[in-house]
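Same order as they appear, the protein sequences are chains V and D.
For the first sequence, my numbering assigns the number 9 to the initial residue and increments by one for each residue that follows.
For the second sequence, my numbering assigns the number 1127 to the initial residue and increments by one for each residue that follows.
One should not assume that every hint holds.
Stated by the list, open to error - Per the computed footprint, the stretches of chain V lying under chain D, defined by three or more beta-carbons under 8 angstroms from a beta-carbon of chain D, are: (1) 72-82; (2) 161-170; (3) 190-201; (4) 265-272.
Keep in mind the hints are simulated off the structure, nothing from the lab.
Yeah, the Cβ is synthetic: ideal placement off N, Cα and C, and Gly gets one too.
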Amino acid sequence: MQSPGDYGFFYQAKIMAGTGAMANIPVELDGFDARHPFVLTDKKTSDSGLPRKFVKALGESNTIIGALFDDVPAYSSVSLVKDLAQFFRDRGCDSVVAIGSGPVVDVAKGVNMAVSTGADVLGFEGVNRVPGHLKPLVVVPTAAIKPFDLTGNARIDGRKFSSAFLMPDVIAVDPLMVRGCCTECVLDTAMVSLSHAVEAYLSPSANPLSDAYASMAIRLIAEHLQKSLKRPGNKAASMGMANAAVAAAAAFDNQPVGVVHALGMELSLLTGNAPGLCMGILLPAALEYRRQMKQEARSELLMAMEGFDAYAGTPAGQRGEKGLRSLQLLFSKIAVLPRTLEELRVPRFKADEAIQEALKANPSLKKQDLSAVMGLAMKGVQ
Amino acid sequence: MQEIVGTSNKILEVDLSTGVTSIGEITDKDRRDYMGGKGLGLKLLYDRLKPGVDPLGEENIIAFMPGVLMGTGAPCSGRFEAVTKSPLTGIMVTASCGGPFGMALKTSGWDALIIRGAAKNPSYLFIDSKGAEIRDAKGVWGKDTREAQAALEKEGASVVIGPAGEHLVRYANLCSGHRFLGRGGMGAVFGSKNLKAVVARGGEFKIVPVKKKKFDKARKTLNRYISRNSITSGSYRNFGTNANVNLSNAAWILPVRNFSGGSHGEAHKISGETIAENYNTKYHTCKPCSILCGHKGTFAGKERSVPEYETTGLMGSNLEIFDPVAISEWNEICALMGMDTISTGGSLAWAMEATEKGLFESDLKFGFAGNISQTLKDIAYGKGVGKELGMGSKWLSRKYGGENFAIHVKGLEMAAYDPRGAFGQGLSYAVANRGACHLSTSLFTLEAYFDMASPKAKRGKATMVKFFENVYAALNSLHICHFTAFAVFLEPPLVKLSPTPVLKLLTQNITPVALAVMDISLWPELWSSVTGKRLGMLGFKKVGERVHVLERYMNTREGVSKKDDTLPGRMLSEPRKCDHKERTVPLDKMIGRYYRVRGYDKNGVPKDRLLRRLGIEKK
């Protein structure tokens, strides 16, 4: 383990996971003196009956749903945020509950900014522009949840909002809600979680707490990914993947953005491919690049991937390398994951555009690293 | 004058980087399998263009393809096709034009012109029967499309770019005479190659059909159909395509305020009927043409082309502006600068709404005409806010947000028919190969104008889209004007004599049977009489299918899949107030069926079995 130097760590969300997690939401809201949540979800989640399960889980509590909006579109827009904020006020709500992932959580964060401050959300675009604490925000993840959703970031109308005040106050991972997704969805979520966790773990500024979350995420993914891909409805595997997303979020939110995340998000925006697909190809390339650059691999990666027995049974000097090999083996076993960006039909000029955009969004990254990783990802790692 | 009997089958290939010119031949198999025009152009590019190249890079190729009917005097056959990879969408784009360049290229003895590479300095290409010559374009670079054509007039008929193409506006077009290769940014491809124009001398060969009698018979029948059809010889001939304004307004498919609404009380002010009445309109058409839909008129004392319906819709009602004089002025500016009016209008509408919502900074406002002329010039010259507007609405919305109301598919701005009023058209837009293209099927005519298919039904739409995609792909490979379809589909006795409700019942409920009995034999008859090769109605449709699937397959090699076959968020999630029942396009329910009837896999990629059946070699 790295010796802890000076570091800071912040992840405010209270995490409740397991059977009946949703039933605790009224108690948690009560703690914030909130009893009329504004519930947001999307059509697909609504059609699958999950909001009904949520309503049922509230049972005899003194929480009464102030309003339920079940038609958040696939694209989160400022105008929708404004309309829903007005709806929130009209119905006298006092907190926000987001059931779902992606745009649902983004819109929930946007509504929360608007109703808590009374100002135009566009004024909060950028980093640390939110002036203070907002109303309580509860996120109930579904199978498509990404670590990004559970951090202090939001993307509304293509604009980035980043503030610790945007972080959810409560995350309720309930097996009723995270099951029953398709293979593509599982793969997308898993690859994003894994990328975030590994990048946080291998970050030069990694600290013991971010390591703890990252290694937990990696271990959960290594353990549950295959089963989850094979049977997306499997309860234990789904819970494992959802918990991995939560843990990866905590690690990711406390480390600077890495190459895989930066490139993966831009490539996804440019080509329309799922971010998980892009990151799933970029991550092995980034690991190979580290190897080529002779950057030392963290020996604890082996522990995260294969457990204590394998870690203890491997000579100290070989643990880092073996951990990386184990990770690469995990990728090689995922039959549904394309191996190269060429296989994903990403043209070279789009890849170059993604590098430029990633650099613009993350000036601390080096062009040389981005180009090298992209180059390896185009052709694939042998 | 020498004669070409049938087709010359000669390909002229020019590399602007090296200056090398080569001559090739269209094989008999390719001619039979792809006919000409769009189909053959795509096949030639399929053999030459690697997937993944930068559309604005040296490696991109552009092909010009006059059809087999060009020069024969067949009705409405004065059209040629161009094929390239689009800088606006990053996938294949084909466009058709009725300008004089096609005839000049064909009568210079060439059935295909392929241009690759990039010139070091501004240049233009001169073509005659002997070959091609790259010439210095210093004297014409910087000129607008009219000045450039006038400067090159002595050398022949030309296809040119305006300042927009030179400044790589992503939806810059190519201009020949007063007609355009409008969509997808072919002008920027020329600009990236430092190519201002291609001039063909023409008039060196006469084109003669192989089977003259058969040709004359088919030509006369088509002319007869055209002259008795109420659209081709009535509304379009009298009012141009702007006759669609009142029809679209009544059917609630007219774009209003960036597709927020489908009809408007002031729409009649910009209709073809009003323009014909007030602006002294005259014919101003492609040559040869029997329909005569192109018009010019006198607007505020100046003679200008009457804007087409798409221009009127996208730069008029969609911006909430109902002033024909202003729209004609913007149409003129776009023509001189060389810009696609559909994409220009779509980008302006996005900017207006984004400005209104505080996402984008500009002075553009719905209903305000005062600054649009200047904005158009700024787009063409890449100045100020115009520089970013010239990238198209997809790019803009990715940078500034507002993707929900960026009205495009695959990066190509939507034509002026709102799919929430015609669900089949919605499916057609989503799956069309070049993006939100109305010419892929023109299904809105059956759904919204002729009441031959229920506009809000899902049933049968996948089959209809497939059928019309195939037919229109074949038409573009023939190549003949799309509007002949009104005459060919509606005038044969079976359709003509059947009451509309019966036709609607049949097309809606036994779609494959209803479409199979439609008599479209005139088109293959024209092709086979000119080439001397046999082609029946089934063969014609199969060529169409082959062309469409080849284009789709080429696009899938560029990364297109199910994720791209969608509609703007607004069409899927925002119902309009003008509808009785607030509805959005039920795309999810139609698209799976479409993939099945097409023979694509679940991800929208043509299956190997389909490619084998159509004789498309997988690369």
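- Task: Examine the stretch 265-272 of chain V for residues whose CB is less than 8 angstroms from any CB of chain D, and state whether their number is three or more.
- Result: violated (count 0)
- According to a criterion of three or more residues whose C-beta lies within less than 8 angstroms of a C-beta of chain D, is the stretch 72-82 of chain V covered? Contact hint for the stretch 72-82 of chain V vs chain D: holds, 3 residues under 8 angstroms.
- Cβ contact check, 8 angstroms cutoff: the stretch 190-201 of chain V against chain D, three residues minimum: Violated, because only 0 residues of the stretch 190-201 of chain V bring their Cβ atoms closer than 8 angstroms to Cβ atoms of chain D.
- Message: Between the stretch 161-170 of chain V and chain D, are there enough contacts, at least three residues with CB-CB distance under 8 angstroms, for the coverage claim to hold?
- Response: Since 4 is at least three, the answer is holds.
Checked against the numbered hints above, the structure violates hints 3 and 4; every other hint is satisfied.
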